[in-house]
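According to this note's numbering, the residues represented by the sequence shown are 1 to 191, in order.
One thing to keep in mind: the hints can contain errors.
Simulated pairs of lysine to aspartate or glutamate, EDC-like, Cα-Cα distance not exceeding 20 Å [as the list claims (entries may be wrong)]:
(1) Lys155 to Asp174
(2) Lys100 to Asp33
(3) Lys100 to Asp86
(4) Lys141 to Asp119
With beta-carbon atoms standing in for the labels, derived distance ranges [stated by the list, open to error]:
(5) Thr54 to Thr116: 23 to 31 Å
(6) Asp33 to Phe140: 23 to 31 Å
(7) Pro55 to Phe189: 26 to 34 Å
(8) Arg34 to Arg153: 14 to 22 Å
(9) Arg101 to Lys4: 21 to 29 Å
(10) Asp174 to Glu138: 27 to 35 Å
Just so you know, these hints were derived from the structure itself, not from any lab.
We put the beta carbon where it would ideally sit given N, CA and C, even for glycine.
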Amino acid sequence: MARKVSGVTLFNHVVRTYLYGALLFDRRGVRYDRELAFVAALLHDLGLVAAYQTPDERFEVDGADAARRFLREQRMPAERVEVVWDAIALHTSVGIATRKRPEVAMVFVGSGMDFTGSDLQQIPADALADILTAFPREGFKQGALDNILALCRDKPMSVLMHPFAEVGRRHLTDFPVPTVENLLLAAPFDE
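Make a model of the complete structure from these sequences and hints.
Here it is, written out as structure tokens:
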């Protein structure tokens, strides 16, 4: 399903997400459900696929909801589906995802490694080379930036209080999303 609906750049990213997370967690001796981690990693960016986007939800929630529908159709048990939902919905939530189950944390860690390169030195050089050969980046940086800007343009309020809003403010003229400071100072209280 992930291969069918994603372009090569996005598909390679979701596979690298799993591989980086699995390598890191295996090296650290973390016990986790490999199937759940794999499914969550491969489906974690469905919210960037136009067919699964809603007008207002954050892309993480759109993706988690799409994965939930798909996995229910596959008759995955509800408690397992909810772990996948959490992993996808929280995969950009710094300070939260790593406090959840290992499968949830793994999607956060693996996607972060691929997005920012954080902790990439923890992956053995030969394994990293093998991963990048099998699943090359194919212009991932520009593709990710294009996806972020598309979300900011097409559904700007979905990035309210989200790190992507910074990208919208930097690149889009008249970006309508207020900052946290704007929201605080606009609160209707006399002080």
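Structure-based check of each hint:
1. Lys155 to Asp174: 14 Å, holds
2. Lys100 to Asp33: Given pair Lys100, Asp33 holds - Cα atoms ~13 Å apart, limit 20 Å.
3. Lys100 to Asp86: 9 Å, holds
4. Lys141 to Asp119: 18 Å, holds
5. Thr54 to Thr116: 23 to 31 Å: 27 Å, holds
6. Asp33 to Phe140: 23 to 31 Å: Hint holds: Cβ distance 27 Å, inside 23 to 31 Å.
7. Pro55 to Phe189: 26 to 34 Å: 31 Å, holds
8. Arg34 to Arg153: 14 to 22 Å: 38 Å, violated
9. Arg101 to Lys4: 21 to 29 Å: 27 Å, holds
10. Asp174 to Glu138: 27 to 35 Å: Holds - the Cβ-Cβ distance for Asp174 and Glu138, about 32 Å, lies within 27 to 35 Å.
Taken one by one, the earlier hints fail for this structure only at number 8.
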